[in-house]
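Full structure from sequences and hints, please.
2 protein chains.
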Amino acid sequence: MKLAVLGVGLIGGSIGLAARERVEDIDVVGYDARPDALHAAHERGAIDRASPSVAEAVRGADAVFACAPVGALPGLVAEALSQAGEDTVVTDVGSTKRQLAAAVDDPRFIGGHPIAGAESAGVDSARADLFEGAAWYLTPSERSGGLLYERLHGLLVQLGAQPVAIDAETHDRVLAAVSHLPHVMANVLVSQAARRLTQDDERLPRVGPSFRDMTRVAGANPGIWTDIYLSNAEAIADEIDAAVHVLNQVSLWLRGEAGDALTGWSETARGDRRRLLEADLAGGPVCELTVTVPNRPGIVAQVALALGRGGVNIADMSLAPAQDMRSGAMTLWIAGQDDADRAAKLIEELGYPVASVPE
Amino acid sequence: MKLAVLGVGLIGGSIGLAARERVEDIDVVGYDARPDALHAAHERGAIDRASPSVAEAVRGADAVFACAPVGALPGLVAEALSQAGEDTVVTDVGSTKRQLAAAVDDPRFIGGHPIAGAESAGVDSARADLFEGAAWYLTPSERSGGLLYERLHGLLVQLGAQPVAIDAETHDRVLAAVSHLPHVMANVLVSQAARRLTQDDERLPRVGPSFRDMTRVAGANPGIWTDIYLSNAEAIADEIDAAVHVLNQVSLWLRGEAGDALTGWSETARGDRRRLLEADLAGGPVCELTVTVPNRPGIVAQVALALGRGGVNIADMSLAPAQDMRSGAMTLWIAGQDDADRAAKLIEELGYPVASVPE
Numbered sequence: 001m002k003l004a005v006l007g008v009g010l011i012g013g014s015i016g017l018a019a020r021e022r023v024e025d026i027d028v029v030g031y032d033a034r035p036d037a038l039h040a041a042h043e044r045g046a047i048d049r050a051s052p053s054v055a056e057a058v059r060g061a062d063a064v065f066a067c068a069p070v071g072a073l074p075g076l077v078a079e080a081l082s083q084a085g086e087d088t089v090v091t092d093v094g095s096t097k098r099q100l101a102a103a104v105d106d107p108r109f110i111g112g113h114p115i116a117g118a119e120s121a122g123v124d125s126a127r128a129d130l131f132e133g134a135a136w137y138l139t140p141s142e143r144s145g146g147l148l149y150e151r152l153h154g155l156l157v158q159l160g161a162q163p164v165a166i167d168a169e170t171h172d173r174v175l176a177a178v179s180h181l182p183h184v185m186a187n188v189l190v191s192q193a194a195r196r197l198t199q200d201d202e203r204l205p206r207v208g209p210s211f212r213d214m215t216r217v218a219g220a221n222p223g224i225w226t227d228i229y230l231s232n233a234e235a236i237a238d239e240i241d242a243a244v245h246v247l248n249q250v251s252l253w254l255r256g257e258a259g260d261a262l263t264g265w266s267e268t269a270r271g272d273r274r275r276l277l278e279a280d281l282a283g284g285p286v287c288e289l290t291v292t293v294p295n296r297p298g299i300v301a302q303v304a305l306a307l308g309r310g311g312v313n314i315a316d317m318s319l320a321p322a323q324d325m326r327s328g329a330m331t332l333w334i335a336g337q338d339d340a341d342r343a344a345k346l347i348e349e350l351g352y353p354v355a356s357v358p359e
Numbered sequence: 001m002k003l004a005v006l007g008v009g010l011i012g013g014s015i016g017l018a019a020r021e022r023v024e025d026i027d028v029v030g031y032d033a034r035p036d037a038l039h040a041a042h043e044r045g046a047i048d049r050a051s052p053s054v055a056e057a058v059r060g061a062d063a064v065f066a067c068a069p070v071g072a073l074p075g076l077v078a079e080a081l082s083q084a085g086e087d088t089v090v091t092d093v094g095s096t097k098r099q100l101a102a103a104v105d106d107p108r109f110i111g112g113h114p115i116a117g118a119e120s121a122g123v124d125s126a127r128a129d130l131f132e133g134a135a136w137y138l139t140p141s142e143r144s145g146g147l148l149y150e151r152l153h154g155l156l157v158q159l160g161a162q163p164v165a166i167d168a169e170t171h172d173r174v175l176a177a178v179s180h181l182p183h184v185m186a187n188v189l190v191s192q193a194a195r196r197l198t199q200d201d202e203r204l205p206r207v208g209p210s211f212r213d214m215t216r217v218a219g220a221n222p223g224i225w226t227d228i229y230l231s232n233a234e235a236i237a238d239e240i241d242a243a244v245h246v247l248n249q250v251s252l253w254l255r256g257e258a259g260d261a262l263t264g265w266s267e268t269a270r271g272d273r274r275r276l277l278e279a280d281l282a283g284g285p286v287c288e289l290t291v292t293v294p295n296r297p298g299i300v301a302q303v304a305l306a307l308g309r310g311g312v313n314i315a316d317m318s319l320a321p322a323q324d325m326r327s328g329a330m331t332l333w334i335a336g337q338d339d340a341d342r343a344a345k346l347i348e349e350l351g352y353p354v355a356s357v358p359e
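Order-wise, the sequence lines are chains Y and W.
Under the numbering used here, the residue at position 339 of the first sequence is numbered 339, and the numbers go up by one with no gaps.
Under the numbering used here, the residue at position 200 of the second sequence is numbered 200, and the numbers go up by one with no gaps.
By construction, these hints were calculated from the structure, which means they are not laboratory data.
Keep in mind it's a predicted model, so treat the numbers as computed, not measured.
Certain hints may be false.
It does not matter which identical chain is meant; a pair holds if it fits inside one copy or across any two.
Only pairs whose alpha carbons sit at most 25 Å apart, straight line, appear in this in silico SDA-like list of lysine to any residue [said to hold, decoys possible]: (1) Lys2 / Gln337; (2) Lys2 / Arg20; (3) Lys345 / Leu305; (4) Lys345 / Ala261; (5) Lys345 / Gln302; (6) Lys345 / Asp36; (7) Lys345 / Ala355; (8) Lys345 / Gly45; (9) Lys345 / Arg44; (10) Lys345 / Val23; (11) Lys345 / Leu252; (12) Lys2 / Arg275; (13) Lys345 / Asp62; (14) Lys345 / Glu267; (15) Lys2 / Pro222; (16) Lys2 / Leu147.
Spelled out as structure tokens, the structure:
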């Protein structure tokens, strides 16, 4: 089987590494507009051969992966399709799908979007196991060829991924809610706080943990994000408008001192969060433990090691150091009541008080 | 010196523990409406004596700390003032200050708000070092007695805190921006995502790390938060309205495909976030490292231990496990370029690729 990877950064490089490690009789040809990236991918072992052009890379390929920023995908996919043979499946790895689906009308094209950790860019961060167990959305159209879909699906499974078919429109609406809107909100929060602190000539010695958690993604790579925003503009704008509707309601409740309405709204959010976390993690209801610890190098290690020795995996964690960075609260989310109980016991044996958040 | 602590949970209990450990010739009297809490505080060593009434607790006290939920403070503070002598300073530890300041007109009252980790409630989580290095806001009015302010300030320093005077109005406006608005946003995000996923009959196998980061505080204790919302209703509503103004603008940019405006807005947010983090942490510019790691018990420990041995402290961290929980990205924030460089080197020696996020 011959694979062409167009764009050999984190995702393209990981596709190459995974294919070369896991797929028998595979031949991975790489192309990249940046010669140094292509060279690095070859050095890294992510591709068998480097190709000087898209045309040469896709010639005779069974599958083509277009791995470029969202804004560059329509052009790259069109070029690949124009050069590829009749029996080639062409896919991409972009974060939004509707725009590309609308731009490409070819039975050989099937849009894709792997949900894989991609915070650091470049082939140096590529890994053969990046897609292990990861969802990989596929957005076939009614025109997509069945045999080509089957081939792509099988290939993704070999890479370790779990392909999930979804229509492009739904994909983009869902991602607008769980990824794009949070980014917008983070930007709003961080700029509003900066303005407020400047305006009041205040320098808060330490903003709260909730603020830090919520603004981590603020201002993430503006170039890449503008691409994503524009390629899903309508769905994101819809989500923003829906959020504005709720915010206006909450503002009215506040000004009207409607305590019961506010409590009801918080309780709904509490239930929604729990349901989302439970759907998100397979291990059963998610339990939340808060541990009060001194905050010194090694303390996270001590707790993590104790749980590791006890066979408890930490689904998620959040550290909230106090002002002086010498003490603080560590919140751990553990899937399953049994594991959570065991975790609490192990941590208490270390001498740190543990509180479970009640339902 | 005689101290009265009214309400002996996490904060009140920690005040008692810190005072008994750090202040010479101290006598701590505790009162709590819940007899079992009072008993537990005495067992814990957080108070010298339990008192059956507010009147008896504050009799002859040099300082009184009212430690109750925001909604109960006006009544508790009024009762304490009515029973306390002329030379007693009465303070509180509530998260909002303006409402209480408006309700109390007494030269013996000075509002207070320690910024200390308080995720887990109850005297069992109380610690003598809870306030070590923590900012402790004080909101004296023009009528507050100078000698009483000096006494309270000196006492807080002995507890390990750093008292910061701020007017009640500004305090509440700043907290609305950096704490209360983020909570509102988290509630909005989580409920909107839940609705969207239900509506589309979709169950995202794994929401992104940004979503989890941003919704950790969603639905936090609805009762306590309704109190906070109501006691700072106008400032929070103002922040919401300001956020709505920006969100409406972003929605228009999206529908108008105004890429440059979106990029400029993201870049402003990027700069704002960096400035806030730098103001927040003393150690110099904050550097962001992203590490690609297998996600198994012990891996956080391994990295944290390596940095701990190298004397590098982790200011903040975020784990983004991949779908299968077997791999993922760990983002670390380290204060100071030198420490960040050393951290990157130590982690690379463990065999994990490290990427620094460029400016």
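Hints, verified against the model:
{"no.": "1", "hint": "Lys2 / Gln337", "result": "neither (47 Å within a copy, 45 Å between copies)"}
{"no.": "2", "hint": "Lys2 / Arg20", "result": "within (11 Å within a copy, 74 Å between copies)"}
{"no.": "3", "hint": "Lys345 / Leu305", "result": "both (14 Å within a copy, 22 Å between copies)"}
{"no.": "4", "hint": "Lys345 / Ala261", "result": "neither (38 Å within a copy, 52 Å between copies)"}
{"no.": "5", "hint": "Lys345 / Gln302", "result": "both (14 Å within a copy, 22 Å between copies)"}
{"no.": "6", "hint": "Lys345 / Asp36", "result": "between (52 Å within a copy, 24 Å between copies)"}
{"no.": "7", "hint": "Lys345 / Ala355", "result": "within (11 Å within a copy, 36 Å between copies)"}
{"no.": "8", "hint": "Lys345 / Gly45", "result": "between (46 Å within a copy, 23 Å between copies)"}
{"no.": "9", "hint": "Lys345 / Arg44", "result": "between (45 Å within a copy, 20 Å between copies)"}
{"no.": "10", "hint": "Lys345 / Val23", "result": "neither (44 Å within a copy, 34 Å between copies)"}
{"no.": "11", "hint": "Lys345 / Leu252", "result": "neither (45 Å within a copy, 52 Å between copies)"}
{"no.": "12", "hint": "Lys2 / Arg275", "result": "neither (43 Å within a copy, 49 Å between copies)"}
{"no.": "13", "hint": "Lys345 / Asp62", "result": "neither (54 Å within a copy, 41 Å between copies)"}
{"no.": "14", "hint": "Lys345 / Glu267", "result": "neither (29 Å within a copy, 46 Å between copies)"}
{"no.": "15", "hint": "Lys2 / Pro222", "result": "neither (35 Å within a copy, 57 Å between copies)"}
{"no.": "16", "hint": "Lys2 / Leu147", "result": "within (16 Å within a copy, 83 Å between copies)"}
In summary, the structure is inconsistent with hints 1, 4, 10, 11, 12, 13, 14, 15 from the numbered list given earlier, while agreeing with the others.
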